[in-house]
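Chain by chain, the residues:
Number of protein chains: 4
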Amino acid sequence: MKRNISIEGLDQIPIERQRIELVERKCLGHPDSIADGVAESISRALSAAYLEECGVVLHHNTDQGEVVAGESIPQFGGGVITKPIYVLLSGRATKSFNGTNIPADAIAMEAARNYIKEILPTLNMDRDITVDSRMGMGSTDLRDVFQSCGTATIPRANDTSFGVGYAPFSEAESIVAGVAAYLDDQMRPKYPVIGQDCKIMCLRDGDDITLTVAMAFVDRYCASLDEYVEMKQFIQEQLAAVAKGLTTRKVTVAVNTADDIASESVFLTVSGTSAEMGDDGSVGRGNRANGLITPNRPMSMEATSGKNPINHIGKIYNLLANQIAADCVAKVDGIEEIYIRMLSQIGYPIDQPHVASAQVLTRPGTKVATVTSEIESIIDEWLEDVTSITERVIRGELKTF
Amino acid sequence: MKRNISIEGLDQIPIERQRIELVERKCLGHPDSIADGVAESISRALSAAYLEECGVVLHHNTDQGEVVAGESIPQFGGGVITKPIYVLLSGRATKSFNGTNIPADAIAMEAARNYIKEILPTLNMDRDITVDSRMGMGSTDLRDVFQSCGTATIPRANDTSFGVGYAPFSEAESIVAGVAAYLDDQMRPKYPVIGQDCKIMCLRDGDDITLTVAMAFVDRYCASLDEYVEMKQFIQEQLAAVAKGLTTRKVTVAVNTADDIASESVFLTVSGTSAEMGDDGSVGRGNRANGLITPNRPMSMEATSGKNPINHIGKIYNLLANQIAADCVAKVDGIEEIYIRMLSQIGYPIDQPHVASAQVLTRPGTKVATVTSEIESIIDEWLEDVTSITERVIRGELKTF
Amino acid sequence: MKRNISIEGLDQIPIERQRIELVERKCLGHPDSIADGVAESISRALSAAYLEECGVVLHHNTDQGEVVAGESIPQFGGGVITKPIYVLLSGRATKSFNGTNIPADAIAMEAARNYIKEILPTLNMDRDITVDSRMGMGSTDLRDVFQSCGTATIPRANDTSFGVGYAPFSEAESIVAGVAAYLDDQMRPKYPVIGQDCKIMCLRDGDDITLTVAMAFVDRYCASLDEYVEMKQFIQEQLAAVAKGLTTRKVTVAVNTADDIASESVFLTVSGTSAEMGDDGSVGRGNRANGLITPNRPMSMEATSGKNPINHIGKIYNLLANQIAADCVAKVDGIEEIYIRMLSQIGYPIDQPHVASAQVLTRPGTKVATVTSEIESIIDEWLEDVTSITERVIRGELKTF
Amino acid sequence: MKRNISIEGLDQIPIERQRIELVERKCLGHPDSIADGVAESISRALSAAYLEECGVVLHHNTDQGEVVAGESIPQFGGGVITKPIYVLLSGRATKSFNGTNIPADAIAMEAARNYIKEILPTLNMDRDITVDSRMGMGSTDLRDVFQSCGTATIPRANDTSFGVGYAPFSEAESIVAGVAAYLDDQMRPKYPVIGQDCKIMCLRDGDDITLTVAMAFVDRYCASLDEYVEMKQFIQEQLAAVAKGLTTRKVTVAVNTADDIASESVFLTVSGTSAEMGDDGSVGRGNRANGLITPNRPMSMEATSGKNPINHIGKIYNLLANQIAADCVAKVDGIEEIYIRMLSQIGYPIDQPHVASAQVLTRPGTKVATVTSEIESIIDEWLEDVTSITERVIRGELKTF
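Chains as they are written, first to last, in this note's numbering: chain S, 10 to 410; chain H, 10 to 410; chain L, 10 to 410; chain E, 10 to 410.
Derived from the structure by calculation, the hints contain no laboratory data.
Warning: the hint list may mix true and false statements.
A pair holds if it fits inside one copy or across any two, identical chains being indistinguishable in the list.
Claimed, not checked - BS3-like, lysine-lysine: derived pairs with alpha carbons at most 30 Å apart: (1) Lys126 - Lys340; (2) Lys11 - Lys340; (3) Lys11 - Lys259; (4) Lys253 - Lys340; (5) Lys104 - Lys259; (6) Lys104 - Lys340; (7) Lys126 - Lys253; (8) Lys126 - Lys104; (9) Lys253 - Lys104; (10) Lys408 - Lys340; (11) Lys199 - Lys11; (12) Lys11 - Lys104; (13) Lys253 - Lys408; (14) Lys376 - Lys253; (15) Lys376 - Lys104; (16) Lys199 - Lys340; (17) Lys199 - Lys253; (18) Lys126 - Lys11; (19) Lys259 - Lys126; (20) Lys199 - Lys376; (21) Lys259 - Lys376; (22) Lys408 - Lys376; (23) Lys104 - Lys199; (24) Lys104 - Lys408; (25) Lys408 - Lys126.
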């Protein structure tokens, strides 16, 4: 059956020429990202277990859960967490299938704890955190639909819903992504004082870029207020250098602007996350599927993390739309911006969306008509191969937040 | 100090002329909306208590929490909830101030239970629900900033963040809002079989509008499958009539499309919400501040519900931006669409945003220049009077989801 | 089959002639008693539901659970509970049987909340308490054994265990029971300032009896410290009068001896129970099956409350032993003291204990031999009719703590 | 001040000549014992932290808490726990003192998890258990009393309460204690198939001793039903040999009598405790302070585990009474049985009990008068040195259950 693919030209001011642009990323240790990461790690662990035990990924949606903040008394040289962080696991999963029992709660617990252990290496897992599962069973109707996907046929959409994606990243977006990667890959391994909980906000006002970073310092690696101030200054310089390498615009970087040095009120933590002392987190409240929060761009409200990767449109189409957009930009000349929207119809195979729509802003000199068929082919091929998204998610090759 | 207000013309295809438009609303009984409503009712109750006890709204953010689904066995004529719904209250609140103790947990519990009682009149509050509070205290830094707002000065922004709003509603948006209001105000009072958990999704594909409604039926008010089918048909007709009154486009209405009548697999519930049997809910995952989910429009990821109404930009600026947009459309001729974005700067008075920007798509024949000063005045007046948003929120006059 | 009943004479100093005797009762509002009462009310509610739905009481043991104290700020004229009491329901119950689903969690919640509402009328059930169920399913082995009791045959013992009972009450025991009854039946209805949480301890040292009463006052019914002191004095006098009516020994009554009037440190509460502010409670930690704690007498460690009344020896034999002892004293002349011990054998019918033993201390002039056959007959009759204990428990006619 | 010590002769049938005697021990992995062990380990960890931070043991009572059973599917060769065990920590502790913060919840969590890890080495701590703390603060009155104990004076009793102890062990008691020790010290190290959850019940009926052992087998160490049966037989023989070494009476040992081999319904577990699948546990519901449950002996209902070791009579006097009794038997000739009861008076120094009473049953040929002064001296010395009990508890030298 021919797929319903729609390509239209877009007549709007390109993102780089809009006056105000705002981009944000909550790094892995931010409470909302912890919630997302836990949710996704549970889904992956369940998928792996289902495949091993039953040969098929069974119904589950673990895109729920709450990180309830603890209390702590950080201090230079090393403080204490006085009240453990509480992580509630909810959502639902299949616990028995055709006579096979799958210990879904135990799998979820282990996946959650292992993930947190990895993300927050300075957190004492036997002392500073409680992980509690109240996962339920799914509603019967959806489960029935689901089980049919054990066959070779394409799974059917769980809902009438949609996904969005776009490419390429704007300069501001590239800066946020680049700075985040630099922090995670280059700096933290060398400077463990840099906690995992960083929130990077980029405001571009015309050609002025302001990067505001809220960064949890880890107290045991910071001996004094002087060291804190010095390190903060050093990090600011490093990040400014990274950012300047990605743009010719004017860049200002400010780390922990809310600090009041005089009163020693600074962003110091025991474990590197504000979840230890006041900030709760929830699944789906942070980064979108491309790792950013981009109010200047169309966004989906769906939590990508934790949803089942077989037939949940809120997961698959969001990931797919981003892949398609990037692929179009990589392969087709003359695209300034491309926006992909995929709309499903409940109960229909997911390779047959109700409509897959591309809106293209072409570069000066390129007509929409000249790129239409190429884009259509790319979309069609991705849809043909839609289950590869599922496989890559399960293997952990696609990030969801 | 002069405010930084920026007005620019917008050069894009008006929403009504875009091919695909998607609009959604999760009504009050949807699990995500229950979470939002609980969060906001707690914030309002705390604000009232703080005002009464301390003469000032103290720091709190209750924009967190999780509705963990129960289990139920609905049946025509009346079934049972077998496992209670579990509602976790989290977030943070000030529990003592200047020697006065405020029973924040107790206030939160009561507000949550009263709200749920009102929304789900068929839920047995002594049997089918557990409300549990794990609310904490805020982090000290923010609290310090906060307390200064007891003075006559304008509160200072809690964060560098932003709010968005637009006007007017598109036809599809008006239809979703209108159908939701008709269900709540006209139909449910007469037909208690209509549960509070309705999800209304509107897809406009060119001039074809499809309204898909997932509606929980309340089993005690539905004697048989025949009655269910009949009622569903009746509701479809009623909603179609309402929708048709709001557009000249072609409208199709489908209620509970996932039903399988033959196998009696229908959307029947004991209490009118799917939270009783499998669907969890979280704060901030559903409707935006204008009551809708609108992927074709700029959206903020911030949860408006539950945030403190004094200085939390994620709440105040989202509400304010919608008010300003609507006011502009009401008072200024020639506006086709207007988008308002308000960006704060942490620590600065909230009546002095970093920038308040309006993007205007004018009607044919209206030049942007002719509306600029009027719009600027409106924005300036609203900012001058920004604390009125706070007051109206506390009085419950502004809806947050 | 002849029952194994053993009667032997006892050669020991009668209780009234022992120098030191200690007797205690935790009244209904004491945290341990709240836990017991909740446990037993759940078992009764489940039994009733099982009987109605399945015609037979199914396996359950709800002799578990924890009352976690809240926090409060009592004050004369009326204070507040600042942190709700948390009640965890655990234990296990059958949730489905032969295709019938029994909403055990919902039944437990409702029974618990209704019981607490009744016991603590001043507690705001929507504000000051959270009841949370984590009840599980029983282990399969026991369930198998259990289901056979649906037949007309006598249930089989769930365990090798025992029950104890004795009669008559000593003077000290009668005083504690009498004072507790007077408080509950005569005084509290007139003086609501008397909270439900009273602990009555009686020490008899030779012929000196000291009655120490720890009694929670309800703040809304007590306007001032003066009123508190006056009321305390009045209650002391009333209780002394009651006690003196039950003994010719010297009696001293002291209420709330830990009070420090000068510093206003008194036993004042908002709701009439110390569970609101610091004292936790557990099932089976308070009164034994006869309503008292009697270290001078043989006691069973088994929690009687909450156990299933069909085949749980820890419940049935404790209740039965007390009934038998009282019956013997009522019907047989010449008994000074009688102690009954009933020992079961797992898997055997409960009317055929491994041994039912009576130890009799006869009055001067009565030989053991002369009462042996009468006592044996009484024991045999009660065992013949053992299932009547079950019935009376379900009807709420037998108190378990 | 002279202490009130009372010694009286006892005129009763010695335990060994009573017809029926019942003795029980719940070993370390029994759910009630897990709860006791967790409670005591928390108290010890808190005491150590208080001493280190404040130089004095601050107020706490952690003699509360609940082990809520999980669910499991044991199978020969190794099964899975499908739903984690949930451990609720409650009770109360001082969290700040004179400006010093003590992370009581974190200390409790760590102590609990470390203890469980040690007791249940086959339990996966990251997968099969949730430990959750809801510990509160104590009520102010008691705290006030308590803080005075920082001085050199003797602490004051927290309550009017009592402790009991006796010596020597009867044959049945020695057998239970001996068999338990043999299991723990000799057999389990060699045979890890023997789970920590063993309940040993000894019934002596005249000169017939029946030892009934309910013992959780660990599935990963048991390849088949045949192995199970063989091992059970082997254990029975070993335990019988141990028991026979302690008595000349006839001994029968039966392990897991509820097994039904034909239907493979046996006591197999994944982790060695029935807490993994249906059996809850609570503090204070199992062994008394001497490690046994002895319905033929006077018992205290107080939970010894978890109570503060400074001034909580329910802990100190129970431990002390057992020490005194054993010391008397060791040092004084001619004692057949001795029972010690220590009664406190709230607010008075704990070395000055209201009364310390000894009841002595002397051996034929020994008159009570000849042992009175020796016993009195021993009691007086122990009271003089009462704080040594506290110290030994904190050092872990005295077992509490």
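To see whether the hints hold, each was checked on the structure:
no. : hint            : verdict
1   : Lys126 - Lys340 : neither (40 Å within a copy, 56 Å between copies)
2   : Lys11 - Lys340  : within (23 Å within a copy, 48 Å between copies)
3   : Lys11 - Lys259  : between (49 Å within a copy, 25 Å between copies)
4   : Lys253 - Lys340 : within (28 Å within a copy, 44 Å between copies)
5   : Lys104 - Lys259 : neither (55 Å within a copy, 45 Å between copies)
6   : Lys104 - Lys340 : neither (44 Å within a copy, 58 Å between copies)
7   : Lys126 - Lys253 : neither (34 Å within a copy, 51 Å between copies)
8   : Lys126 - Lys104 : both (25 Å within a copy, 27 Å between copies)
9   : Lys253 - Lys104 : neither (51 Å within a copy, 45 Å between copies)
10  : Lys408 - Lys340 : within (22 Å within a copy, 46 Å between copies)
11  : Lys199 - Lys11  : neither (53 Å within a copy, 46 Å between copies)
12  : Lys11 - Lys104  : neither (38 Å within a copy, 50 Å between copies)
13  : Lys253 - Lys408 : within (26 Å within a copy, 43 Å between copies)
14  : Lys376 - Lys253 : neither (33 Å within a copy, 38 Å between copies)
15  : Lys376 - Lys104 : neither (54 Å within a copy, 62 Å between copies)
16  : Lys199 - Lys340 : neither (37 Å within a copy, 58 Å between copies)
17  : Lys199 - Lys253 : within (22 Å within a copy, 64 Å between copies)
18  : Lys126 - Lys11  : neither (47 Å within a copy, 50 Å between copies)
19  : Lys259 - Lys126 : neither (39 Å within a copy, 55 Å between copies)
20  : Lys199 - Lys376 : neither (49 Å within a copy, 56 Å between copies)
21  : Lys259 - Lys376 : neither (33 Å within a copy, 33 Å between copies)
22  : Lys408 - Lys376 : neither (33 Å within a copy, 45 Å between copies)
23  : Lys104 - Lys199 : neither (43 Å within a copy, 36 Å between copies)
24  : Lys104 - Lys408 : within (26 Å within a copy, 39 Å between copies)
25  : Lys408 - Lys126 : within (19 Å within a copy, 35 Å between copies)
When held up to the earlier numbered hints, the structure conflicts with 1, 5, 6, 7, 9, 11, 12, 14, 15, 16, 18, 19, 20, 21, 22, 23 and fits the remainder.
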